[in-house]
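Student: Here's the letter readout for the chains.
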Amino acid sequence: MINATLKELSAALAAKSVSSVELAGQYLDRIAALNPALNAFITVDAGKTLAEAAAADAARAAGQAGLLTGVPLAVKDIFCQQGWKTSCGSKMLDNFIAPYDAHVIERVRAAGLVTIGRTNMDEFAMGSANENSYYGAVKNPWDLAAIPGGSSGGSAAAVAARLAPAALGTDTGGSIRQPASHCGITGIKPTYGVVSRYGMVAFASSLDQGGPMAQTAEDCALLLNTMAGFDGRDSTSLERPTEDYTRELNNSLAGLKVGLPKEYFAAGLSADVARVVDAAVAELKKLGAEVVEVSLPNTELSIPAYYVIAPAEASSNLSRYDGVRYGHRAAQYKDLADMYEKSRAEGFGSEVKRRILVGTYVLSHGYYDAYYLKAQKVRRLIADDFKRAFEQCDVILGPVAPTAAFNIGEKSNDPVEMYLSDIYTLSVNLAGLPGMSVPAGFAANGRPIGLQIIGNYFSEAKMLNVAHQFQQVTDWHRQAPAL
Amino acid sequence: MSLTHQDVARIARLARIAVTDEEIAATGAQLNNIFGLIEKMQAVNTDGIEPMAHPQDVSLRLRDDVVTETDRREAFQAVAPQVAAGLFLVPKVIE
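Line by line, the protein sequences are chains A and U. Mind the numbering: the first sequence is residues 1 to 483 in the numbering used here, read in order. Mind the numbering: the second sequence is residues 484 to 578 in the numbering used here, read in order.
Bear in mind the hints are in silico, worked out from the structure with no lab data behind them. Owing to the predicted nature of the structure, the values given are computational and were not obtained by experimental measurement.
Derived lysine to any residue pairs resembling SDA-like cross-links, with alpha carbons at most 25 Å apart:
{"no.": "1", "chain 1": "A", "residue 1": "Lys16", "chain 2": "A", "residue 2": "Arg30"}
{"no.": "2", "chain 1": "A", "residue 1": "Lys91", "chain 2": "U", "residue 2": "Gln565"}
{"no.": "3", "chain 1": "U", "residue 1": "Lys523", "chain 2": "A", "residue 2": "Thr299"}
{"no.": "4", "chain 1": "A", "residue 1": "Lys91", "chain 2": "U", "residue 2": "Pro564"}
{"no.": "5", "chain 1": "A", "residue 1": "Lys285", "chain 2": "A", "residue 2": "Tyr457"}
{"no.": "6", "chain 1": "U", "residue 1": "Lys575", "chain 2": "A", "residue 2": "Ala345"}
{"no.": "7", "chain 1": "U", "residue 1": "Lys575", "chain 2": "A", "residue 2": "Asp322"}
{"no.": "8", "chain 1": "U", "residue 1": "Lys523", "chain 2": "A", "residue 2": "Ser412"}
{"no.": "9", "chain 1": "A", "residue 1": "Lys377", "chain 2": "U", "residue 2": "Ile532"}
{"no.": "10", "chain 1": "A", "residue 1": "Lys334", "chain 2": "U", "residue 2": "Ile507"}
{"no.": "11", "chain 1": "U", "residue 1": "Lys523", "chain 2": "A", "residue 2": "Ala370"}
{"no.": "12", "chain 1": "A", "residue 1": "Lys334", "chain 2": "U", "residue 2": "Arg496"}
With beta-carbon atoms standing in for the labels, derived distance ranges:
{"no.": "13", "chain 1": "A", "residue 1": "Arg325", "chain 2": "U", "residue 2": "Glu578", "range": "22 to 32 Å"}
{"no.": "14", "chain 1": "A", "residue 1": "Ala266", "chain 2": "U", "residue 2": "Leu520", "range": "15 to 25 Å"}
{"no.": "15", "chain 1": "A", "residue 1": "Asp414", "chain 2": "U", "residue 2": "Phe559", "range": "37 to 47 Å"}
Note that CB positions come from ideal geometry on N, CA and C, so glycine has one too.
Given the sequences, and given the hints that come with them, work out the whole structure.
Tutor: Spelled out as structure tokens, the structure:
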């Protein structure tokens with residue numbers, strides 16, 4: 001049962017061949033056995049989990065079960081969830097028990113999903129390796145020497161290690177797709193505005209978006225059905241008709257136009273990743289897809305633009321951590337200013353501080369036009385690149401990251417080196433487009449590699465269709481690490 | 484451009500983050516590397532390009548001017564470092 005998909009678990013629960021309490025117990029046992037080595041979870045609370053599972057069983061007995069009622073779900077520690085510690089991977093929020101639910105949490109609670117635990121992450125979602133957590137690095141279940149990717153590294157590792165059948169993640173610059181790729185699971189970042197940001201601890205508000213992570217595209221579609229929806233409390237939530245993201249899963253790919261951006265296959269891409277992406281494209285061709293070359297000429301500019309916009313917005317968002325209303329407060333201080341400065345110096349880790357400083361500088365008097373405004377203009381150029389590309393194709397395919405997962409510690413002393421590894425994911429957030437990662441193979445050293453699918457605005461159902469059809473003829477997504 | 488130690492200290496003060504002299508030296512070098520990366524953007528011609536703040540370029544909604552929040556002061560103050568009589572406590576600001 002531990003390798004079962006959400007779809008299969010849903011069927012087993014409906015058939016009453018297993019109860020939600022039994023299922024939760026199985027995953028909790030596995031977490032107890034394997035999490036000490038993986039560090040995928042920050043908080044596990046068997047009492048709370050089993051109470052949620054018992055409530056799900058009771059709902060089922062009363063004939064009120066929905067499709068996902070009773071199914072376990074791991075939650076990234078960025079979503080406020082009433083009664084659960086919501087640390088966001090930071091010492092700053094180590095003592096923060098959320099007093100309310102994020103919109104996404106309201107949705108998954110209403111659907112009857114059972115919280116199996118709260119997953120580890122880079123502090124405030126800032127990182128590409130999950131080494132920036134106050135709670136320590138997460139290990140990649142495929143190779144404990146490797147990073148799991150970040151920032152949703154705990155969520156990806158939990159699903160890959162079968163500590164949970166699915167997880168919630170967030171993606172500001174690749175934080176769902178890159179760990180999904182490095183851990184051999186499926187994850188989708190929806191179009192900006194599709195999933196409410198209410199109650200999701202803010203990093204860079206014009207880029208942040210929540211999304212599902214699971215073994216299969218079909219499971220992601222089911223979970224996205226639960227997560228998506230308008231919410232008036234998020235000022236950028238989009239008012240759109242409700243969609244069924246599973247509706248196109250079984251469509252044929254005959255005639256599908258697949259765009260390959262030539263800039264994604266240039267210098268810097270490792271031979272391993274190039275081989276895996278080429279093979280995936282060949283597989284889709286067999287399914288009837290036609291390949292066209294497209295160009296995204298401003299791809300390289302996504303790195304400077306992102307590393308201005310994200311830190312600028314972060315410096316503003318993280319100004320709320322002042323040691324007054326919640327979060328860490330220093331023990332000793334001489335006055336109010338000293339209290340702010342010491343609380344923040346003690347509460348934030350080094351990467352978060354770096355980004356706050358970069359953001360503070362680019363927004364400071366006299367520099368706004370040269371940095372933030374300039375970056376927003378470059379952002380438009382990047383979005384326009386995609387607009388032109390999507391005139392020629394239905395979806396864009398490419399790598400998620402230049403290499404398979406690197407080793408823990410390999411890049412942690414060089415922020416710039418780390419930032420450069422985000423080259424294929426950042427532009428999707430800057431443009432606000434949906435993007436996903438689908439397991440597509442392995443590097444020579446046995447570490448997983450994902451295929452990135454980028455869609456036009458609101459084309460999640462089409463992307464999930466492509467991924468699902470790919471998963472009907474491949475079994476990369478069903479492979480699990482030996483643990 | 485290159486940030487001096489004085490610049491880093493000023494930025495840290497603006498950001499309300501206490502930094503030691505050793506941190507200023509280490510952080511300064513890293514920030515200069517990061518700005519080296521960012522400066523690449525300056526070479527691009529963006530004349531006449533409209534800055535992009537929101538992917539859908541939608542105008543922000545206005546909500547009705549009515550009270551929608553319930554009183555949850557107790558729950559919200561339960562996570563505060565220091566409160567008394569329903570107020571958040573901070574060090575004395577005015578002598």
